[in-house]
Structures are given as C-alpha cells and as structure tokens.
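Residue numbers (my numbering), protein chains in the order written: chain L, 64 to 165; chain Z, 57 to 239.
None of these hints come from the bench; they were simulated from the model.
Do not rely on the hints blindly, as some may be mistaken.
In silico lysine to any residue, SDA-like type, Cα no more than 20 Å apart, as pairs [claimed, not checked]:
(1) L:Lys66 <-> L:Phe114
(2) Z:Lys199 <-> Z:Leu109
(3) Z:Lys70 <-> L:Gly100
(4) Z:Lys199 <-> L:Asn139
(5) Z:Lys70 <-> L:Thr102
(6) L:Lys66 <-> L:Thr102
(7) Z:Lys71 <-> L:Ala89
(8) Z:Lys70 <-> Z:Glu162
(9) Z:Lys70 <-> L:Ala89
(10) Z:Lys71 <-> Z:Gly104
(11) Z:Lys71 <-> L:Lys66
(12) Z:Lys71 <-> L:Pro99
(13) Z:Lys70 <-> L:Val70
(14) Z:Lys70 <-> L:Asn123
(15) Z:Lys70 <-> L:Gly113
(16) Z:Lys71 <-> Z:Pro165
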Amino acid sequence: MEKVQKVAVYPCGGIGFPLSSVARYAAFIVTEDLLPGETEIVDAVRLISGFTDEVELVENNPTIILDGCAYHCGSNLFRLLGLKPAARLLATVISKLPPTFV
Amino acid sequence: MVERVCIFPCGGIKKTEATVARIAAYIVNEDLLPRQTMLLCVPAFLRGVEEDLVMAEDYPTVVIDCHVENCGTNLLYLAGITPAARVFIPEIAAREGLAYGHRRRELEPPAKQLAEAVAREAARAALAMLENPAYVFAKQRIKTETCLAKNDLPTDPFAYVQLSPGLYRPRSMPDFFPEGSEA
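Full structure from sequences and hints, please.
Quick look at the structure:
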C-alpha cells in the first residue's frame with residue numbers, strides 16, 4: 064500500500080446558506096495554513112468540466128468532503144461521479160446547530 | 057420582461073477570480089437587486105434541489121465566468137441550459153485596470169473593487185431583463201442525462217456575442233437591452 068502523498072479537500076461549494084461559506088473558509092484554512100502542500104482544494108466546476116488535473120486529484124488521492132448543510136451536496140456530487148470520499152465532515156454537527164439549512 | 061433573474065457565479069474555489077465572482081453575486085443579490093435576483097448554487101443544482109432547478113429553467117440566467125476555463129458556461133451547457141447573458145471577469149478587470157490579488161478567503165481592496173464592478177455589470181444586464189417590456193424569456197428544460205466530467209466541451213458552446221467588454225449574450229438568446237439603447 065502506497066503512502067498517501069496528498070489529501071484532497073472538497074468543501075461543498077454552495078452559495079445560498081452561510082454554512083457553505085463556513086465550509087469554504089475551513090478548506091482555505093486547511094490547505095493554506097494547516098497543511099499547505101499536503102492538501103489541495105477540489106474545485107467542483109473544474110472537475111465537472113473534466114479538467115485532467117482536477118479529475119486526477121480526486122482519482123489518485125483520498126478526499127475529505129466538508130458538507131455545509133443538510134442537503135449534503137458535496138457528498139452527493141461524489142456519488143454522482145462514482146467516487147467514494149475517504150472522510151466526510153458535516154458543519155451542522157460540528158457547529159452543534161440543528162441540521163437545518165441556515 | 058421577467059420577474060426575477062438567476063445569477064450564477066462560476067462556483068469555482070481554486071482561483072482568486074472565483075472569489076471575485078462569488079462576492080459579485082452576493083453584491084447583486086443582496087445590495088443591487090434584492091428580491092429581484094436569485095443565486096444558483098452549483099452543488100444544489102447538481103443534486104437536483106428543486107428551487108435551484110426551477111430558477112435555472114424558469115428564469116433567465118446571468119452566468120459570471122471568472123476565467124477562460126469557462127466553468128460556469130460549461131456547467132450550463134452540460135445541463136442543457138442556455139444563459140441569457142454572460143459576464144466575463146478578465147475583460148472587466150482589464151477595462152477597470154484592477155487586479156485579482158492573491159487572497160482567496162477575503163479579497164484585497166482592488167479585488168473588492170473588481171467584484172463591485174462585476175456586480176454592476178451583471179446587475180445592468182439583469183435590470184434590462186427585468187425592465188425591458190420587449191424582453192421575452194422562453195422557459196427551458198434541464199437535460200437529465202448529463203455525463204459529468206467525461207465530455208469534450210466545445211470552446212464556445214453558446215456562440216457568445218460580445219455586447220461590451222466583459223458582457224456577452226448567446227447568439228440564440230434574445231436581446232435584453234431595449235432597442236436603440238447602448239449596451
């Protein structure tokens with residue numbers, strides 16, 4: 064088993080609810096402050112557009128999904144693409160908010 | 057004339073320009089045209105959240121592309137939706153002489169000014185759609201058999217016509233600025 068060289072981080076990418084901004088901000092903190100060079104943000108629209116580097120990022124590395132709200136759109140996109148994340152964080156649980164969409 | 061306009065910032069995250077697009081969309085939706093615009097949420101749209109499907113099908117969409125990769129345009133193309141207008145940030149940045157900066161979390165002052173300029177351009181197009189009595193928007197239907205991340209996308213899928221630096225309209229979509237007015 065090869066040692067993991069990089070971990071991909073995919074914040075849900077939403078825009079309608081403040082928690083999506085929380086997920087996005089958290090991903091910047093991980094990739095720029097906590098684990099720079101060892102983590103990389105997944106860009107969903109580049110992935111959907113089929114850019115090779117983005118596709119290889121999620122195919123060749125484990126991905127942590129940061130789901131912002133109860134719609135779980137980050138997890139769902141991976142399911143649509145036939146990918147399985149290595150881990151998933153749910154902002155509503157971490158924030159101890161009820162699983163609403165606020 | 058339409059009741060509301062859907063604003064779709066590209067949804068990217070890697071580039072600083074994507075944050076400019078996102079902030080510009082908030083400015084349009086919260087400050088410039090509140091209650092007259094809606095924000096299209098990419099992951100919700102892909103997940104099939106009803107409100108996001110309806111806003112793209114039943115209302116004209118102004119897509120904000122942050123980069124030549126055209127991810128916003130590409131996603132709409134894959135979904136079978138033709139935007140009513142496209143705002144292209146690099147041309148607005150060039151016109152205004154503003155830089156993107158280097159911070160993706162919070163924009164630096166010139167990038168904030170750029171977001172405001174992008175928002176004004178998107179709002180200008182949206183306002184024309186909202187106020188021009190001659191503007192007619194035909195509802196669309198989302199293509200449900202989209203093959204994600206596997207398509208060879210055309211370079212210019214909607215044959216965009218430039219109206220002014222940074223502002224475009226697909227060739228197949230109606231003019232939104234009143235006849236005789238300057239784009």
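Do the hints match the structure? See the list:
The straight-line distance between the Cα atoms of L:Lys66 and L:Phe114 is roughly 25 Å, outside the 20 Å bound, and the hint therefore fails. A hinted pair counts as satisfied when its Cα atoms are at most 20 Å apart, and Z:Lys199 with Z:Leu109 qualifies at roughly 11 Å. Between the alpha carbons of Z:Lys70 and L:Gly100 the distance comes to roughly 14 Å, so the proposed pair stays at or under 20 Å and holds. Pair hint Z:Lys199 plus L:Asn139 holds up; C-alpha atoms about 18 Å apart against a cutoff of 20 Å.
As the CA atoms of Z:Lys70 and L:Thr102 are separated by approximately 12 Å, the hinted pair is consistent with the 20 Å bound. Our distance criterion of 20 Å between C-alpha atoms is met by L:Lys66 and L:Thr102, whose separation comes to about 14 Å. With a C-alpha separation of about 16 Å, the suggested pairing of Z:Lys71 with L:Ala89 holds against the 20 Å cut-off. Pair hint Z:Lys70 plus Z:Glu162 holds up; C-alpha atoms about 13 Å apart against a cutoff of 20 Å.
Proposed proximity of Z:Lys70 and L:Ala89 is supported: the alpha carbons are some 14 Å apart, at most 20 Å. Note on Z:Lys71 and Z:Gly104: the hinted pairing is violated, with a Cα-Cα distance of about 26 Å set against a maximum of 20 Å. Distance check on the hinted pair: Z:Lys71 and L:Lys66 sit about 28 Å apart at the alpha-carbon level, beyond 20 Å; violated. Restraint check for Z:Lys71 and L:Pro99: satisfied, since their Cα atoms lie roughly 16 Å apart, inside the 20 Å limit.
Taken as a hint, the Z:Lys70 and L:Val70 pair is honoured in the structure, with Cα atoms around 15 Å apart against an allowance of 20 Å. A threshold of 20 Å between alpha carbons decides the hint, and for Z:Lys70 with L:Asn123 the separation of about 18 Å falls inside it, so the pair holds. A distance of roughly 15 Å separates the Cα atoms of Z:Lys70 and L:Gly113; the hinted pair therefore holds under the 20 Å criterion. With a CA separation close to 17 Å, the supplied pair Z:Lys71 and Z:Pro165 stays within the 20 Å bound.
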